[in-house]
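**Q** Spelled out from the first residue to the last, the chains are:
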Amino acid sequence: MTNFSNKVTSLVSENAQCCCELSLVEGPTGSELKRRIQELCGENVLECYQCGECTAGCPVAYAMDIAPNQVLRLAQLGLEDEVLGSSAIWLCAGCETCATRCPKGVALSRVMDACRQLALERGIKPKEPEIAKFHDQFLTEVKRFGRVHELTLTALYKVRTKDFFSDVFTGIQMFLKGKLALIPSLVKGRDEIRRLFSRSRHGSEDS
Amino acid sequence: MRIGVFVCWCGSNIAKTVDVEKVVEAAREMPGVVYATDYKYMCSEPGQNMIQEAIREHKLDRIVVASCSPRLHEPTFQRCVEAAGLNPYMVEMANIREQCSWVHERTPEATQHAIDLVRMAVAKVAKNEPLSRSKLDITRRALVIGGGVAGIQAALDIADAGYPVVLVERTPSIGGHMAQYDKTFPTLDCAACILTPKMVDCASHPLIEIWSYSEVEEVNGFVGNFEVKIRRRAKSVDESKCTGCGLCLEKCPVKGIPSEFDEGTGTRRAIYRPFPQAVPNKPVIDREHCRYFQTGKCGVCQKICPVGAIDYEQQDQVVTEKFGAIVVATGFDVWRDEQAMAQFGYGKYPDVISSLQFERLMNASGPTDGKIVRPSDGKVPRSIAFISCVGSRDEVHGYPYCSKVCCMYNAKQALLAKDKLHDVQTYVFYMDIRANGKGYEEFVRRAIEEYGANYIRGRVSRVYPDGDQLVVKGADTLLGRPLEVRVDLVVLATAMKPHDDAKELARKLGISTDQYDWFSEAHPKLRPVEVLTDGIYLAGACQYPKDIPDTVAQASGAASKVIGLFSKEAILSEAMTAFVNEDTCVGCGLCAEVCPFGAIDLVEVVDREKSTRDNQVMKTVARVNEGVCKGCGTCAAACRSGSARLRGFDTKQILAEIDALADAALSSKRL
Chain A
-13 MTNFSNKVTS LVSENAQCCC ELSLVEGPTG SELKRRIQEL CGENVLECYQ CGECTAGCPV
47 AYAMDIAPNQ VLRLAQLGLE DEVLGSSAIW LCAGCETCAT RCPKGVALSR VMDACRQLAL
107 ERGIKPKEPE IAKFHDQFLT EVKRFGRVHE LTLTALYKVR TKDFFSDVFT GIQMFLKGKL
167 ALIPSLVKGR DEIRRLFSRS RHGSEDS
Chain B
2 MRIGVFVCWC GSNIAKTVDV EKVVEAAREM PGVVYATDYK YMCSEPGQNM IQEAIREHKL
62 DRIVVASCSP RLHEPTFQRC VEAAGLNPYM VEMANIREQC SWVHERTPEA TQHAIDLVRM
122 AVAKVAKNEP LSRSKLDITR RALVIGGGVA GIQAALDIAD AGYPVVLVER TPSIGGHMAQ
182 YDKTFPTLDC AACILTPKMV DCASHPLIEI WSYSEVEEVN GFVGNFEVKI RRRAKSVDES
242 KCTGCGLCLE KCPVKGIPSE FDEGTGTRRA IYRPFPQAVP NKPVIDREHC RYFQTGKCGV
302 CQKICPVGAI DYEQQDQVVT EKFGAIVVAT GFDVWRDEQA MAQFGYGKYP DVISSLQFER
362 LMNASGPTDG KIVRPSDGKV PRSIAFISCV GSRDEVHGYP YCSKVCCMYN AKQALLAKDK
422 LHDVQTYVFY MDIRANGKGY EEFVRRAIEE YGANYIRGRV SRVYPDGDQL VVKGADTLLG
482 RPLEVRVDLV VLATAMKPHD DAKELARKLG ISTDQYDWFS EAHPKLRPVE VLTDGIYLAG
542 ACQYPKDIPD TVAQASGAAS KVIGLFSKEA ILSEAMTAFV NEDTCVGCGL CAEVCPFGAI
602 DLVEVVDREK STRDNQVMKT VARVNEGVCK GCGTCAAACR SGSARLRGFD TKQILAEIDA
662 LADAALSSKR L
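Taken in order, these protein sequences are the chains called A and B.
The first sequence maps to residues -13 to 193 in my numbering.
The second sequence maps to residues 2 to 672 in my numbering.
Source of the hints: derived by calculation from the structure; they are not laboratory data.
Just to be clear, a hint being listed does not mean it is correct.
To be verified - If you want a taste of the chain A side facing chain B, the calculated C-beta under 8 Å gives, among others: (1) N30; (2) E33; (3) Q36; (4) R59.
Said to hold, decoys possible - Computed cross-link-like contacts, DSS-like style, restricted to lysine-lysine with a CA-CA straight-line distance of at most 25 Å: (5) K631(B) <-> K136(B); (6) K419(B) <-> K90(A); (7) K113(A) <-> K144(A); (8) K20(A) <-> K474(B); (9) K323(B) <-> K504(B); (10) K90(A) <-> K113(A); (11) K419(B) <-> K20(A); (12) K631(B) <-> K509(B); (13) K144(A) <-> K119(A); (14) K504(B) <-> K526(B); (15) K421(B) <-> K20(A); (16) K419(B) <-> K380(B); (17) K439(B) <-> K90(A); (18) K113(A) <-> K20(A); (19) K111(A) <-> K20(A).
Unchecked claim - Coverage of chain B stretches by chain A, computed from C-beta distances (three or more under 8 Å per stretch; other residues unrestricted): (20) 444 to 454; (21) 470 to 483.
We treat Cβ as the ideally placed atom computed from N, Cα and C, and that holds for glycine.
If we strip away everything but chain B, and leave its shape as in the complex, we get:
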């Protein structure tokens, strides 16, 4: 055994506190060490060359680098020794910076601490064994969950790179919330004009399959090899036959069902497509409202359909498909808690509506053909109050976070209202104006300065009716005075919230959520599109409220991660993974229970063959899926029989470290 020790100064980071030369001297005396030296920056090119030369010259077979945290430079030194012909796992790092020099004054004890850390690393590296990473195959086909603008963008990017994509959407059409909007801030592009071409691109792309009216039921497997169970709900319309002529939509006798797409401002029938530009542009039957399904009588759509596409017998199909990567793009929901919004009269007065409802009223393809009218009497409003932060920044009634987009769409709606109805007076009640995107602040100022939106800083306490109008009671906190405005229509900028079943989907995917149920990214700054489970990526507002530009950017980011994964020849598994000694494992399952990555399964194995009879004795043991294991060591710590162990952190290595420390302490009479 020929161990080399390399002590780094880290400029003055280590050397100003630790007597580096003393550490080198001490290292030379440690068992197995044949060479020790120091250098100002061990991670630099000359430093690395120094290690490689020493390996050749002194025939070193194990290396200890005493420098910074392994989180920072372990991969650097692993590559360095690998280039010199050693197994990369024959390097140990003694962290004498974060765990020593940065937390000590320059004292003899600090140097002693560094020496002890090096001594432990030397003892451990003596027990290291070469490890290797195994190659895992990749299924080069992606699953995108959610067909809003995030899912659409991700699917298109992945498919354009040449990989097949299945785009799963819960509702009958892709398009998501963006399809509901009228125009988009700050450029006032019409949402449909920029979104529907992308929807059509998805439908016509040879590598994209759109599975609308479908939901993910179960996810198994790991990066490169997911198995996903998807329920394709019965549409009661045979898509291969349906031409989308729309005859059934006109003849269906069940009318007046509040349209989900129009946020209840319009109605639909029992057989419907959410909007005329839907993709796929084929209707589905809402069985809960359909007279045929409820009473067994009707069948008008079947009789009228010229191609015989109506199929009442259709059943839900549950299919299991293999995917290599998953993009989660399930978006958001809007806050609709009428009770919590009672102060604004939402749900009580018909002329108090949500911003999304107002969006439908402004939209040319909406229920009023883009005419802004009051829901109560169909009259054109002469004054409109927009109220911000309804449910946002309200930790008592709603959510403590800022929904991020409301300031902008308030400005947009106030501006467009003025644009459509020249005589209208608009009032925007706000707490702060958060307009921090490209062209956003300018846009808000335009709404105020050019379109005369009356911005009033202060929350609204109450909305109450007076005659056929509504009185909004608020305050102008800039003047410090209460104030009231009489208006014809009140629009509430309701908070963005996660879907009610977001947590359920997170559980299926094995990913984590934050306290509100938004999906958690792997790192808030440096890994914003990944989650802690490899092969699963986030796009759009399912992670946190986002506007369209941010959503699309993240979707392209997620897609590029998928493309990067698929362009690899194979996935290398972690080398430092757990393994189970099946001879001693008693199959208690504790390891499987504590594993945070779901990497351990209980399997039946043959315990022994019975020679006398031809049956076998079976037993249950734990088995680690190395593709999923992250090498955290929780199982090894939990295992009662010591059967679950972690490569690179085996019991004998840990004990060697402890022994080395204890021996040194005893011999120097520190214990």
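Only chain A is shown next, with the shape it has when bound in the complex:
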């Protein structure tokens, strides 16, 4: 418990950015970012009144550079670079605790998703590259097999990140318990799944 609260306070001091002045001098503020987020996930970031419930409940907030509610605040102000360049949008585990508890019904987890998408779209280098690589590898697996094959995923992810030894004991234990199948199992209708992928990639023009 003590440990946890230490983490929370240290988060505040380490990541305080008081020195960095916001400037809204450049005309209409961030309507473009707000519009794109709404387009991608349907959430209106203006609905957030900054109560802090999302941050209070977030299991990974302690590790983020900006708190989850600040992601929304920056999005409200249209500070695109700060939102899309943050680690927070990548560290979000998508557990949806924030969305479940939000009194305004804003699904922040969806906003996070949209922000990740926008970051990739605009070629912004992910602040947490391993996580981005994992997501990418995960989807490659789904596209190929129709579902994830853990062993292939782990192996290729390790190749991509060039990090071969972390979690290796966990991997061995999982293998011994039969949690990691050697041969990928395929699902039926993989063509449909591929079509789903190509459709979502090209957006509405395909549908």
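Add chain B to chain A, keeping to what the hints say.
**A** Below, chain B alone, put in the same frame as chain A:
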């Protein structure tokens, strides 16, 4: 003398601490007591029946109830014994709850304390004399001071109940601040659309007289019988002749006087009416600016007036009128301290304006016909910053209180600005959003979510010009970072404050004010429309900042109090009032000085007739006006000669109580 003592358990409130039976036993031994008993709830119906039966059965003529504070149940037991045929003032209460059981542990001393309190009450009641309340007449005509929406509502309600009303307004027209507004939150009703019909109703109501351009000078008398001196300032226009055609308004050569009604955003002439829908819709001449009054030359309005209504010779009239009740509805003023607002550049940069000025700019009947433009160059602003809490919640420069309505009108103005100018960016700097009325929170969210008002939590440190724009330096405390915005127009939500002369009016009325000069209500929760002086009621923002719904509700509340007063056959005076023994009074006037209600006057009376010559020897004595006296006893305590006394708390009664206590203490060796 047959005294009955009734000791209450108050459930366990008294009985758990005080040995009630012991108190009853002790009471039976007290001088004059012929009957004593106890009961679980003496104030309940069986308890009261018990008292009434005992009065009949034991022929009791004086009653002591040992229970709670007389503040709570003295009237209950007075009614109870009155129903049994006794004078209601033959009851005394011994407070053995608040002053005994609630402050003690269960010890023999607690019971002894209760016995002592009963003993004192028994000694006092033995000296009680029957008192009666006298009837006072009521003048069934009300005075409403202030012609804003509060005064208008109160006047209409009272007049609709069938009582005549005089509505006194200081400016040339009724309508008040509400007439200045564009639309009203949260429904966006147009203020004029809902107010002007009420103004017209006032003017056409057979029981309402509107005295505009008039002020209250002096108030005398008491509830039901006020005498009020009112100055009806010379309008220089004969209202009986004027048709309100408006020709003089067009021809008057003195132009460019900043219009008070437009908060200086527009101008008026020397002969003017504040706004086209004014009630009464007849102009007045502002003598300070009128060329005729200043130089003796001009007279254009007199020459042009087709009905000869201009009367330069008109004088102020001071009239004294009788009223039974007074509703004070003088409203508020806005904070205009330019020096204290220097950080925002108010008074320095023309494009920094107050919210009330912005309201005039948005209003279709305002100086710009409702077009929002910058005062400096008449251009349409592309971005507007609204700054909250300017002078409110600022104990150093302004006032520590919250002005209550600014959060809402900020949202309204941001929303309407966006509605009128689609491309405008709006920024609202706020500390907290206080939106606690019906539909208010939803309204603010609408301004943010649908109309895209950029709400930024944090105070503004500075506004400074950059080119033809203004830079607002603030902070986003949600992110904990400083921030700046460049805008075309800055609107300050300035605090609501009492009128500068509120204290002066309070003095005339004999009512109290709080530390800011808002008028004080009698009780903050249970008597919100009354003041401590009977017959005077408060309505609207003269008591504290209020929005329109609260103002109208309070005005109707005040009116219903007036109607309730007028529907009584007569007013019953207090029975426990002070009186002065004029034979021993030396007329020093100390009692009159200390009386908090102004109930004591010094009068000349005949001391004695001189038999030898035909002149009389006069002397000055104090005399109590029983209609005003509240029976507080301050005069009796102050009187050096013991001439001022209080019925129900006479010296002999108080001394009897003290003697009883001292005797008991001595005989039980406690002293």
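**Q** Does each hint hold? Answer for all of them.
**A** Comparing the hints with the structure gives:
This hint holds: N30(A) has a C-beta 6 Å from the nearest C-beta of chain B, less than the 8 Å allowed. This hint holds: E33(A) has a C-beta 5 Å from the nearest C-beta of chain B, less than the 8 Å allowed. Because the smallest distance between the Cβ of Q36(A) and any Cβ of chain B comes to about 5 Å, under 8 Å, the interface hint for this residue holds. Using the Cβ-Cβ criterion of 8 Å, the hint placing R59(A) at the interface with chain B is satisfied: the shortest such distance is roughly 5 Å.
As the CA atoms of K631(B) and K136(B) are separated by approximately 15 Å, the hinted pair is consistent with the 25 Å bound. Under the criterion of a C-alpha separation no larger than 25 Å, the hint pairing K419(B) with K90(A) is consistent with the structure, at around 24 Å. Distance restraint check for K113(A) and K144(A): the Cα-Cα separation of roughly 18 Å lies within the 25 Å cut-off, and the hinted pair is therefore satisfied. Between the alpha carbons of K20(A) and K474(B) the distance comes to roughly 24 Å, so the proposed pair stays at or under 25 Å and holds.
The hinted pair formed by K323(B) and K504(B) meets the criterion: a straight-line CA distance of about 23 Å does not exceed 25 Å. Note on K90(A) and K113(A): the hinted pairing is violated, with a Cα-Cα distance of about 29 Å set against a maximum of 25 Å. A distance of roughly 18 Å separates the Cα atoms of K419(B) and K20(A); the hinted pair therefore holds under the 25 Å criterion. Using a Cα cut-off of 25 Å, the hinted pair K631(B) and K509(B) holds, with the two alpha carbons roughly 19 Å apart.
A distance of roughly 10 Å separates the Cα atoms of K144(A) and K119(A); the hinted pair therefore holds under the 25 Å criterion. For the suggested pair K504(B) and K526(B), the alpha carbons sit about 23 Å apart, so the restraint of at most 25 Å is met. The straight-line distance between the Cα atoms of K421(B) and K20(A) is roughly 23 Å, inside the 25 Å bound, and the hint therefore holds. Annotation: proposed proximity of K419(B) to K380(B) holds, straight-line Cα distance about 16 Å (limit 25 Å).
Restraint check for K439(B) and K90(A): satisfied, since their Cα atoms lie roughly 19 Å apart, inside the 25 Å limit. Taking the CA atoms of K113(A) and K20(A), the gap is about 21 Å. The hint holds against a cut of 25 Å. Our distance criterion of 25 Å between C-alpha atoms is met by K111(A) and K20(A), whose separation comes to about 21 Å. A stretch counts as covered by a chain when three or more of its residues have a beta carbon under 8 Å from one of that chain; for the region 444 to 454 of chain B and chain A the count is 4, and the coverage holds.
By the rule of at least three residues with a Cβ nearer than 8 Å to a Cβ of chain A, the coverage given for the region 470 to 483 of chain B holds, with 7 such residues.
Violated hint for the displayed structure: number 10, the only one.
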